[in-house]
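Could you use the hints to bring the two separately framed chains together as a complex?
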Amino acid sequence: MSEKPRPELVVDGFPGRKRPRWVELATSPDHKDIGRILIGGSLGFLFIALVEMLLMRLQLAIPENTFLSPVAFNRMLSDYGATAVFLFAIPLALGFFYYVAPLQIGARGTALPRLGQIGMSLYAAGATVLYAGFLFTPSEAGVNPLAPLSELAFLSNNGVDAWATATGLSTLGFVFLAIDLLTTLRNMRAPGMAWRRVPVFSWAASVCCWLLLVIGPVLLAALTMLMIDRNYDGIFFADGSGGAPLLWQHLSWIFFSGAYVLILIFAFGAIAEIIATFSAKPLFNRGVVMGSLAAIAVLGTLAWMQNMMTAPIGIGWMYFAMLMSLALIVPFGLIVFNLIATMLGGTLHMRAPLLFALGAISSISIGLGAEIEHSMVAAAWQLKNTTDATAATHFALVGGAVFGGFAALHFWFPKMTGRTMGESLARISFWTMAVGIVLAFVPLFFAGAEQGQVIDAYKFFDGTGVNAYNLIASIGTLILAAGIVMTLVNAISSRVNGPEAGHDPWGGESLEWFALSPPEPHNFDVLPDVRSAQPMRDIRDALAHRNSRAELPARESQPVA
Amino acid sequence: MAPHSPGTDQIDTLLWIGFVAAAIVIVAINAALIYAVRKNRAKRGVQPTPASGSRRVQFRVGAALTVFAAAIFVVSLVFTGKARETPATGSAGLAAAKTEPLTIKATGQQWLWRYDYPNGSFSYYKLVVPVDTAVKLELLSTDVVHTWNVPDLSGKRDAVPGKTNKVIFRADDEGTYDGESATLSGQAYAAMRTAVEVVSPQAYEDFLEQQKADIETAQDRVVGLIENGEVP
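Residue numbers (numbering that gives the first Met the number 0), protein chains in the order written: chain A, 0 to 560; chain B, 0 to 231.
Pulled out of the complex, with its shape left as it was, chain B reads as follows (with noise of 0.2 Å):
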């Protein structure tokens, strides 16, 4: 997992903080541990020594865990505020998207990705956006429920029949980044994968020509096919 996005370099950030503060809940326990069972090994001879503690070592300790869980909380609340942000779409980005971001409709069904641009054209499997521009997708499911995860880009969202849910990010490079989902969906859930394409803003206005082209090309021959009785 590599972040290329706003977004996800402050998830990336948040998440070493939330290592390095488990690293210290679980080295602090178990050395302590290793040191109480080292120092107090039973010997012959010796008499436990009674109880020793206050009241006030106690609440020392709890406010010391209070002090260490607000802290956590506090810095999720900022990374996650900002994690949310909607990013400005660039320079480079897509003009189109100065103002809104770019939205596109994502579509979860048994096992594929299906992809709807503003101009009318669809994608299935690969989703192709601009680079440096801000990207809104609306997350559907028509069956059961799927969760959109491209991690290099975006936090995981899920796509709940009945419900909108959305991811909006903003692809810093371009490439292509891969994604499986995430939620057991059925039997070929496993293989139920997305790439997202960043190409730059023209290549991404050519493909959506294209596409549209080649979509309309098809179905005029289906339509030509049943018009002709060559299929029923």
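Chain A extracted, bound-state conformation (with noise of 0.2 Å):
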């Protein structure tokens, strides 16, 4: 036997140089530096969806306005649609659910955290490339560039091919950081968390990823379809030799009506965890909410071609598409009834994550209220691909993924940092917030019920009654983005100025408020046995309990007066 250690057991390794924080935060594989990076850069990128849609409004606040040529407005439009979607709000979704749901379910790490890095990269790389557009050109083909406009004979630069990657990586990305999330959470669950006991926003993130895995090879089949008709003189969307056109419309609007309500179900999710933890409630009916979110996922897919209604379609597929549309009107009016209904009898403390929660709700009440319209068959011919549909989009939409996703950023802030965002310019946020949607797309909705001003138009003409109502929705929209750029700037400036909050702040009820703020590379040291629904609240009662238990022996030994 020797005095020195065997070598083998020497731990210390290479004294190596250390890697910038940065490459060690890039390269891990932890479900929080993940997510992180998912919500750090969504929120990035929704600035600059921002700024291309202040410019497209700023094209539109006077009529025949020359601000912006027409290419110019149309790659503006293609880039701003990408990335409100593909680069912001689906990735803000899974970045909450990649952080939040393995905390929620007292996992320790994801199952697959490899494919969950590749899946972030692939992100990474989508979002590179379309920006990568702009160095030589940009899409022209709008939010979603319909074949045959997206087709090499009308588009012949590279535009097309560059949206079509940037989606179809970050799609891809999705998709595997999907099949990540959904093992992790069928699999490692804390023990005696069944199904009926996860947390709604994990339920959430459960059905998103169930609906990622549906939608999201849907599109990336259209993609390539389009990338071989683009390059390889394919035919899939070309008329006249085989191809169908209409086949691109089915394709693509499966995935984005899927991605609508994809959003839908998150802010939902977090604005249910938010609703009962502010109101110091249970949340009223779980099970019908748990019930409603996977039931909005298959109707809300399934009515795909009510975007579609003056497409040469059969009539029958405009009812059916009707009947699945107005049949959402049950689940997300349950779910509205039931988070109500949670707030009744509870105590509601109005901080900055309840406040952005509500204003998600009445924001997003009445994008799908407008959207009800859309859904009426001889209705949606008038209103279809009018401001109209822009107005009720965008308040369904940014009421969904900005205050939506706003309310869960000031709600896990503090469990990501271990501090709080500043409460006072929330609330300023929050106010220029709600005054800025209401300008900019009420009169969105006027223009396009009442004169049927037309959406993607890179110029509205004089003397169509439209001009009044463009100009204040333009000034609306900058309100919006003022509002938008505070909070923002509050979470950056929060990161290292924010108040110190505790591990558990608002008390919550599941079991990311158990483990540290922010959390350990591990997650938890030791797991509690989950018995309900509210794994803390069993805590907390269960240590109430052992203290008023210890605090006896010393009541006896009081001297009796």
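I should point out that these hints are in silico values taken from the structure, not numbers from a laboratory.
Any given hint could turn out to be false.
So the derived label-pair ranges between C-beta atoms look like this [to be verified]:
1. GLY313/A - ARG55/B: 38 to 44 Å
2. VAL488/A - ALA30/B: 32 to 38 Å
3. ASP540/A - ARG37/B: 28 to 34 Å
4. GLU422/A - THR48/B: 26 to 32 Å
5. ALA1/B - PHE66/A: 29 to 35 Å
6. VAL70/A - LYS42/B: 55 to 61 Å
7. ARG37/B - GLY286/A: 27 to 33 Å
Every residue, glycine too, gets a C-beta built ideally from N, C-alpha and C.
Here it is as structure tokens:
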């Protein structure tokens, strides 16, 4: 026996150079690091999408404006759509799911961390390709590049290729992230956490991941066909040679309809957690809310032809789309009912997360309410592709992704950083955004429904009765953008300057509040047995019980007066 | 937007019904939110009351929502059915279109609409139709997807290459109705407009004759120029 330890037990390793923090972060397979990159990246792209939207609104502030050329406007429009959907809304939802869901279910990591890492890298690659497009030329084919406009014959530069590569790479990344998260949610829940005890937000994560597994490959197939058409003389979407332009519409609208409800499911998952926590009550009728979230995913995707009401498809398909869209009233209505019922009898603490959550419900209610008219077949014939549709979509998706996303950000920010976000700036930001969204999109309802102003146009003409509407909308968009930027600034400055928060600042009910803030790399040292849908409440009750028992002897030993 | 055809009359009514339904939903949800917030603000010493809901309430709300959705569905079916009916050509309309609607071909191309009339003449941008006459537009496209959109006379319809779509309407009043294409079709999309001129049957016939004569004159002139070698 020697005095020295055996060489293979030496754990110090080489005194290698320390890698920079961003390299550590970018190569980390930890779900919290990947989640933070997704959330941070998507918030950055929210800012870029805002700039693009503002430029378009500036062009549309006055009639027959010449601020942007038609080509520049179409490029702005195409990149705005891709940025808002593929680089902001979906990755923001996935980022929160990815950060929070493993903590909520008491997992020490994800099941397939390298797959998640590849998913995040593919998203980053997609974003790079889209914006590298500015070095040569961005797409001019619009938010949903309908074939045959997106075919080589009509747009012969590389723009559409860049668009398709960018959205394809990020969608593939989303599918990878979804596979990883689904595997985690199915296999790595804490002991005792049956599906009926899974927190609503993690359930929403599960629903959204299943949804992505369905709609992601559909878009990937469509993009592959488009790329074959453009680069290898394919005829998938070319008419006259056996191809069908309508095929692109079906495939892409399946994806976009699914993505639309995905964002709303994410938002309602977060809102449900926030309302329950800030009312200091368990969620009313959890089971119905969870079932409704799943129903929304199915019905919302099946309603894809709601976007094709004017296309040459049979009237029966239009009625089918109307049935599926109107059926969505039931699950959405039940969720909103149960959220409001949760608040009744609660003690509402009106902090920033709750404020944004309520704003999200309000904004989504306007968007979905207006969407009812777009589901009624003959009414849709008038309203489709008018600015009325722009307004309805933006109320629902800005409500879901921005208001809902900001609610989630304020709610889980203390968990991620150990600090809360500045409350007064949050309030100012919220009310600015609330005024902004109303001014930005309510006038567009009138311009579209009353005067029939069409979407995606780089200019509108004087004397069509929409001048005032568009000017107000442009001013409103500026106000909305100012409000959003305030929250982005708040988030950046609060990471170092925010007031320090405890590990459980809001008195949450689920297990992420059992971890430290920010959590250790392995999340939990020990895990409690889960006995109900409110494990943190059980832990607090058990602690209170133990403390009261510990006090008993002391009380007995006090001198009797 | 003001309806000037039987179809758009129906659509206008349906739009108002939809507006009321949407308004009910939006007002109800936001009023309930405001009520819940005002009533349940946290106060010192007030404990949250435990949930006291029953399955019955849930069923009632679900049933009410289902009835609401079903009502909208049925109403939409009825009005969509009415809006799709081929209107009859009236007494003031074109005699030739009494039994069959007057069929005109509308071809969208970047960034113009071309209209081909039954007698072989054609016009660009401007469509001339007789008043009080059932008109069937066959929508075609030579390049990308366009949407024919004259809101006063009819709902929108897409012209998709390789497919034929149709719009059937009857203009009830003489006048000029503007329209603009409603699907992004490239650079000059915003400028892709059209106008429908609704005139008396006699004026319509005169327009067709005049148009045919003008086109023939122009074609003869071109043929003459080519034959004389003045243009290659």
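Hints and how they fare:
1. One distance hint, 38 to 44 Å for the beta-carbon pair GLY313/A and ARG55/B, holds here, with the actual separation near 41 Å.
2. The given range of 32 to 38 Å is respected by VAL488/A and ALA30/B, whose C-beta atoms sit roughly 34 Å from each other.
3. Distance hint check: the CB atoms of ASP540/A and ARG37/B are about 31 Å apart, consistent with the given range 28 to 34 Å.
4. Our hint of 26 to 32 Å for GLU422/A and THR48/B holds, since their Cβ atoms are close to 27 Å apart.
5. In this structure the hint that ALA1/B and PHE66/A lie 29 to 35 Å apart at CB holds, the actual value being about 32 Å.
6. Distance hint check for VAL70/A and LYS42/B: the Cβ-Cβ separation is about 59 Å, which falls inside the suggested range of 55 to 61 Å.
7. The given range of 27 to 33 Å is respected by ARG37/B and GLY286/A, whose C-beta atoms sit roughly 29 Å from each other.
Violated hints for the displayed structure: none, as all numbered hints are satisfied.
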